[in-house]
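Just so you know, the sequences run in chain order A and B.
My numbering applies: residue 1 is where the first sequence begins, and numbers increase by one.
My numbering applies: residue 1 is where the second sequence begins, and numbers increase by one.
If you're looking for bench data, these hints aren't it; they were derived computationally from the structure.
Some hints could be false.
Because identical chains cannot be distinguished in the list, a pair is counted as satisfied if it fits within a single copy or across any two copies.
[Said to hold, decoys possible] Straight-line alpha carbon distances no greater than 20 Å define the calculated SDA-like cross-link-like pairs of lysine to any residue that follow: (1) Lys-140 x Thr-71; (2) Lys-241 x Asp-150; (3) Lys-303 x Pro-79; (4) Lys-108 x Thr-71; (5) Lys-140 x Arg-19; (6) Lys-241 x Ala-147; (7) Lys-70 x Ser-137; (8) Lys-143 x Gln-97; (9) Lys-241 x Ala-99; (10) Lys-121 x Arg-197; (11) Lys-70 x Val-306; (12) Lys-194 x Arg-350; (13) Lys-144 x Lys-311; (14) Lys-194 x Asn-206; (15) Lys-241 x Glu-24; (16) Lys-140 x Ala-99.
These are the residues of each chain, in order.
Number of protein chains: 2
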Amino acid sequence: MWVTNCHNGSGRPLDIRKRYSGVERPLFILILSNSDTAAIPGISGAGSTEDYIQYTPAADAEIVSNGKLKTIGVMPNAPSGAVTPAVLTRAGLNLSQSAHLLINSGLKIVPGVPYYDLRTKHGSDIRFAPAVPDAYSIQKAAKKLAACCDCDLAVIGETIPGGTTTALCVLRALGFTANVSSSFATNPIALKEKVVREAMRRASINPGNLRNDPMRAIELFGDPMMPCAVGLTEGFLRSGKEVILAGGTQMGAVAAALRALDVSTDLVIATTKYVFDDRAARFVKLVNALDVDAFSADPGFSKSSVDALQKYEQGEVKEGVGAGGAMTLAYIRGYSQEAYRREVEAVIKRL
Amino acid sequence: MWVTNCHNGSGRPLDIRKRYSGVERPLFILILSNSDTAAIPGISGAGSTEDYIQYTPAADAEIVSNGKLKTIGVMPNAPSGAVTPAVLTRAGLNLSQSAHLLINSGLKIVPGVPYYDLRTKHGSDIRFAPAVPDAYSIQKAAKKLAACCDCDLAVIGETIPGGTTTALCVLRALGFTANVSSSFATNPIALKEKVVREAMRRASINPGNLRNDPMRAIELFGDPMMPCAVGLTEGFLRSGKEVILAGGTQMGAVAAALRALDVSTDLVIATTKYVFDDRAARFVKLVNALDVDAFSADPGFSKSSVDALQKYEQGEVKEGVGAGGAMTLAYIRGYSQEAYRREVEAVIKRL
């Protein structure tokens, strides 16, 4: 088993392949967003240089949709040379033959492939202004959209640089002490904490103050990805569809908001083993506190000769673009770790 | 019966309410497009002045989605003062409580409400250049989108100024002698014929030459709405969903393309009585030639004291924004003509 159920909030043992054996029409949804928080120097490794960070969601979208770049001129790889997780996602969707839907929830730079456009602005720098003034209308529009989507399982991923810092701030406002992950091998925790402190001081909010008002926490401290993921999840669950939140600590913040909104259904987060096993992020502590199931997907990159994949084993990138969720889809469809790794390598060759 | 089945290609009698009595999740889809053909002076009445014609699809989208304008500054009414058919559509969706999805298939000016963006360019002036170079990729993307839409009946409408002229040219290339409708009370037929002649001369195509290659006809002479409507219809029919093409002669051109693509399923066009009864457009002749069902919806505006609706009775506007299809949805749900007319008047008051 290369995708394992490492925590089960409800206490029941869980066979992932069995649980999803009835799935016929999975839909992979990728939320694309930008924020000015990502422009804080040193905060994000989601781009080869800081100049290119804001291009990353659009570039990821083109790779997921198209298998290669179309209009964006720069590969969204990490400064270390680690390949973008969009490649991992594309491989999972290829194998599982899943349909996908891209959602523009506040992009500054748009991809050249089709997407659903929520017509909203990118997020502000949380140190200086409310992050997402449109949080409520994004949530509402996403809920409506979910009601129109034909699927029995929605896997929801994201690509927004700087997203772990906004996740940290939302988690703090909701009263969680958990830490978050980083696309850098060395997590710039001190910088993130400083940004969070400044944002909370600006808004005169102390940790835990907003534990009963998660949409306000997102409005003040989050990013435009979050209300979209919250609304989609609410919409899908309401219409009896299953949801997997595909991501690490950012989806932890989304799950925390959903819990605070009284969504009591079993929630599931699928992530990579790189986030799951990351001591700095304390991901397991967070999912325990949230009482959610978490799946950990191991792509087996230690056996790959491709340097851009080996970097993941050294702690670079770790997760993003819903990679862990896309791997889970391939796993559910019966593919082995080796078949998956080979598909990732094939996607890289075609880039 | 204020919505009647006036032609039945298959020869069977048809009770519209009965035929659609099993519909539980109708989805109204509105395709939004622009083209440079619309900028030919005198060709389109879809805007209060020629300067504002290209704003009409975005304004219509805001009214359908929002009940009023949001970011567009000018009401998309006709020069005569007749109200935009977006109002008729909104009323039908309000009563029938139908979900809706907007699709941007080549807009020059975008609305401030959410839509699915096919990421394609507006149509060219057919006199000077191929109309829709991306026709095939639009068709393909629309087919994919249809596969992700949850509904049992898709009602597909459009808002693209100048669309009857491109419809005329596509019909001619496919070998039909039929004429088309106009948003003006007096149809500028001579001008349309002149544009069509120039376009066909430019491409060295004679009437009927493309009867076996409808996508090429759309590529050369159509507009970006058409490949989207074609692809959506193919996608929905393939997944066992019912489709109503909501419009007049423009949807006639779409149906003609579908027939030429060997789509042999029963096709249905729902339009207003203003198009259906329009002698200049010879709509009935076209639907007979295409062997499609046609529904004619009479909103009962002769009984309205609102001048902007009375204009419809005088031959202004006639149809657009899928109005006839939205009326059909209200009719299927059991609403009377009077209830519908009152809802239209209520929508106008709230504008």
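Hint-by-hint comparison with the structure:
Taking the closest pair of Cα atoms, Lys-140 and Thr-71 come within 20 Å of each other only across two copies (19 Å); inside a single copy the shortest separation is 31 Å, beyond that limit. For a Cα distance limit of 20 Å, the shortest separation of Lys-241 from Asp-150 qualifies both inside one copy, at 9 Å, and across copies, at 12 Å. With identical chains, the CA atoms of Lys-303 and Pro-79 are never at most 20 Å apart, being 22 Å at best within one copy and 70 Å at best between copies. In this assembly of identical chains, Lys-108 and Thr-71 lie within 20 Å of each other by CA distance both inside one copy and across copies; the values are 15 Å within and 19 Å between.
For the identical chains of this complex, Lys-140 and Arg-19 are neighbours neither inside a copy (30 Å) nor across copies (33 Å), given an alpha-carbon limit of 20 Å. Proximity of Lys-241 and Ala-147 under a CA criterion of 20 Å is satisfied in both settings, with 10 Å inside one chain copy and 17 Å between copies. Proximity of Lys-70 and Ser-137 under a CA criterion of 20 Å is satisfied inter-copy only: 14 Å between copies versus 31 Å inside one chain copy. In this homomeric assembly, Lys-143 and Gln-97 come within 20 Å of each other (Cα to Cα) only across copies, at 16 Å, whereas the closest approach inside a single copy is 25 Å.
Taking the shortest alpha-carbon separations for Lys-241 and Ala-99, both the intra-copy value of 15 Å and the inter-copy value of 18 Å come in at or below 20 Å. Proximity of Lys-121 to Arg-197 under the C-alpha cut-off of 20 Å is found in neither arrangement, the shortest distances being 24 Å within a copy and 45 Å between copies. Within a single copy, Lys-70 and Val-306 get their C-alpha atoms no closer than 24 Å, and across copies no closer than 51 Å, so neither meets the 20 Å cut-off. In this assembly of identical chains, the alpha carbons of Lys-194 and Arg-350 never lie at most 20 Å apart, being 41 Å within a copy and 48 Å across copies at closest.
Within a single copy, Lys-144 and Lys-311 get their C-alpha atoms no closer than 40 Å, and across copies no closer than 35 Å, so neither meets the 20 Å cut-off. For the identical chains of this complex, Lys-194 and Asn-206 are intra-copy neighbours only, at 14 Å inside a copy versus 71 Å across copies, given an alpha-carbon limit of 20 Å. In this assembly of identical chains, Lys-241 and Glu-24 lie within 20 Å of each other by CA distance both inside one copy and across copies; the values are 12 Å within and 17 Å between. Within a single copy, Lys-140 and Ala-99 get their C-alpha atoms only as close as 23 Å, which misses the 20 Å cut-off; across copies the closest is 14 Å, which meets it.
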